[in-house]
Amino acid sequence: MLNKTVYLLGGARTPIVVANTKFKSLRPEIFGAEVLKFLLEKFSLAHVDEIICGNAVGTGGNIARLMMLIAGFDNSTAALTVDRQCASGAAAISVACAKISCGLADVIIAGGAESSSLQPLRIYHKNDERFHLTAEGIQGGYRTAQFSPDEFDALAMLKGAQRVADAENITKAELDSWALRSHQRAAQSAEILREYIVEVAGVHEDNGIKKNISSRLLERAPLPLGADTIISAGNACRINDGAAFVVLAGENFVAKNFLTPAAQIVDVATGGVNPLESPRGAQVIADKILSRNGLTYDDLTAIEFNEAFAVIDVLFDRAYPRLVDRFNRLGGALAYGHPYGASGAILLIHLLASLKNFGGGLGLMSIAGAGGTGESILLRA
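Per my numbering, the sequence shown starts with residue 175, numbered consecutively.
Hints were generated in silico from the structure; no laboratory data involved.
Hints may be right or wrong, so weigh each one.
As the list claims (entries may be wrong) - Derived lysine-lysine pairs resembling DSS-like cross-links, with alpha carbons at most 25 Å apart:
1. 346 - 385
2. 430 - 216
3. 462 - 178
4. 198 - 211
5. 178 - 530
6. 211 - 530
7. 346 - 384
8. 384 - 198
9. 530 - 216
10. 198 - 385
11. 346 - 333
12. 430 - 178
13. 211 - 430
Everything numeric in this text was worked out from a predicted model, so none of it was measured.
Let the sequences and hints guide you as you build the complete structure.
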């Protein structure tokens, strides 16, 4: 648990756009910098101790530092890039919480940025045995990293979701039902989220939400793993571009600057699950943080899980059917999309919006990551 109080002043994000559309030629450090500049101005921050940015499939290097310099921060500001794959943005926020909680920093902007449009093709060294195992068009080329010593496959995440579906006897109808619900809820939530979205390059709204989606369309969605499987292009998230960041501050900073925080970070947690069944991570780590704080899901006003795959929704629905009205109330990644490194911060912003509009109290966000990791954050409005 946190040693000292950590506050969430607020947050903002870019529109979440489908890869190879609105941001297809825009580097993530460019659109991420727009969010940083917005937050700097909104909260009148004369100084920030550090920028921490999650990023999973970028071009390497310290993208947080590059982004910070583009945004116009002073050269003396520290910057750190974090890679926990899908959970990178949440991990960045957790690191920021830890630093503030133990007195190493007063104010940090943390979150993530991702451009799937500009995801590079990498090449293994010729002495790496995997140089001869890839199939990305050229020898040694790969875009998807290896997540488990027992599997080396560009479709590893899809196969992990299928394994969970098979193990739990989940039906395609269950998956499609949650995909439909996600789009419907997201379409109804545009006004609630408007205040958190920063216009970038003339783009001011998410473009992955399908307002006219139907069960019939979902039934016909392609099955990338073959005819005898149920993970489809409709009940798995799309790949996307986007950035999201939040401002975290300690108690002394808040008091000194006469600020009114939006929420308090109660606790953060991380953990791992079987890397071959990574979608289970969201609920496992959420269970962990609640147990550690003597809470249950009934104590929460709002619950946000990253629905990279609808199997995550179904698992929660089966365990807590009476609470689905509090779960991903604004829609989830099946509708908005999943810009990997940014998604943890997007979830926290959506959680904040849900608490603000539906009664306050306690909220929880949780996200599973490739390789069987997970991050969870407990918030009090």
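Now the hints, each set against the structure:
1. 346 - 385: Answer holds: residue 346 to residue 385 is near 21 Å, not above 25 Å.
2. 430 - 216: holds, 17 Å
3. 462 - 178: OK: residue 462 and residue 178 at ~21 Å, within 25 Å.
4. 198 - 211: holds, 22 Å
5. 178 - 530: holds, 24 Å
6. 211 - 530: Roughly 24 Å between the alpha carbons, so the hint for residue 211 and residue 530 holds.
7. 346 - 384: Given pair residue 346, residue 384 holds - Cα atoms ~19 Å apart, limit 25 Å.
8. 384 - 198: Between residue 384 and residue 198 the Cα gap is close to 20 Å, so the pair holds against 25 Å.
9. 530 - 216: holds, 18 Å
10. 198 - 385: holds, 23 Å
11. 346 - 333: Roughly 15 Å separates the two Cα atoms, so the pair holds.
12. 430 - 178: Holds: residue 430 and residue 178 sit about 16 Å apart, inside 25 Å.
13. 211 - 430: holds, 22 Å
Violation of the numbered hints given earlier is absent; every hint is satisfied by the structure.
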